[in-house]
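Sequences listed follow chains A and B, in order.
For the record, in the first sequence the residue sitting at position 188 is 188 according to the UniProt record's numbering, with numbers rising by one throughout.
For the record, in the second sequence the residue sitting at position 85 is 85 according to the UniProt record's numbering, with numbers rising by one throughout.
These aren't lab readings, by the way, just hints derived from the structure by calculation.
Honestly, I wouldn't trust all of these hints.
Partner residues aside, some chain A positions facing chain B, computed with beta carbon under 8 Å [what the hints assert, rightly or not]:
#1 128
#2 155
#3 160
#4 168
These figures come from a predicted structure and were not determined experimentally.
Glycine included, C-beta positions come from ideal geometry on N, C-alpha and C.
There are 2 protein chains.
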Amino acid sequence: MSDTNPTADAPRSPGRPRSIRADEAIIEAVLDLLAEGSTIEALSIEAIATRAGVGKATIYRRWPGKDALLLDALRRLKGVVAQPAGHSVRDDLVLLVGAVGHNIDPRAERIMPCLVPEVNRSPDHFQLYQNIIEPRRKIMREVLRRGVATGELRADLDIEVAMALLTGPMLVQRLMRWHPELDDRLLPERVVDGVLDGLRAR
Amino acid sequence: MSDTNPTADAPRSPGRPRSIRADEAIIEAVLDLLAEGSTIEALSIEAIATRAGVGKATIYRRWPGKDALLLDALRRLKGVVAQPAGHSVRDDLVLLVGAVGHNIDPRAERIMPCLVPEVNRSPDHFQLYQNIIEPRRKIMREVLRRGVATGELRADLDIEVAMALLTGPMLVQRLMRWHPELDDRLLPERVVDGVLDGLRAR
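Excised from the complex, chain A in its bound form (with noise of 0.2 Å):
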């Protein structure tokens, strides 16, 4: 892969080194045909190279094939992965359900929930997109477990429920606007501490 080393690229244009511009101008392409509605199953490498207006072979120099493009290029729309304090589980659970759905690129309103129906017919997709939440999914795990372990959170909390309980609100007001009378801003900690401390009676 001579050409991911800028030397190899001459002459050198000013700014960037261009292997480092293809890629972006690669990732922009997916980006802007999936928001125009494409498919990912009509999406092609051909089209994708015609939009970046590179050729193929330099798609597969960088990426082994569509699938693990598509992956780099999901992850460019959520942005890097909250790390939380670790000093309250409160307020760490605060930090984690506030960029759950949050997104640092517009485009992503359009293509993530078309996505869903798309991902959920195709195993090696609905892969994909698990492997794109893993991550953030993995660190809200370890929040709650520590909660467990020191004593802020039940002994018998059941974990993947509890990600939902605090998920779940979130999601669908970010992602769907589901209740226009919810304000986003206010909704993690609203949601936080509605789960945490439940809705019966003392």
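Guided by the hints, dock chain B onto chain A, whose structure is given.
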């Protein structure tokens, strides 16, 4: 609207009156076109008429316009609204949470997620979507208010947040198959008990 009266249809064919068959063919045409990937915007009365094998006038005799027809078609996906028994707040919530994201028509799985970004771009369509879900939301709100009144639920309950806590986990699981390790059939009880009791150690 003489053709809504079956006696006006001559000759009578066996089975359902022709006017009811036309209604159903029109609704079916809308759902088929949406399930095949048509956006609400691209959906035209002309395309619906062609697909249903009726004239455009037949559609306009029954519905004042596309939005009213869409509302009927999307309601059809969801079936009748669950009616809680009114004895135990917990049992009523299990019933209502079990109905969240439940569609009687398999086309819903393709139609509903992709509708989300489109609905969010158009205030009219957002209102249409709210008109579909508001009757269901109203029933849950009433159960929660009853729980506050009877003292089963906290007196300071934020009803709208509580609805998000109960509905969100089930909706992401049903609509997005968000979490492969959760069993959809057991989830309504687990969600309700988890949210009522809270995660915090006592």
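Practice task
List in ascending order the numbers of the hints, as given earlier, that are violated by the structure.
Solution key: Hint check: 1 fails alone, others pass.
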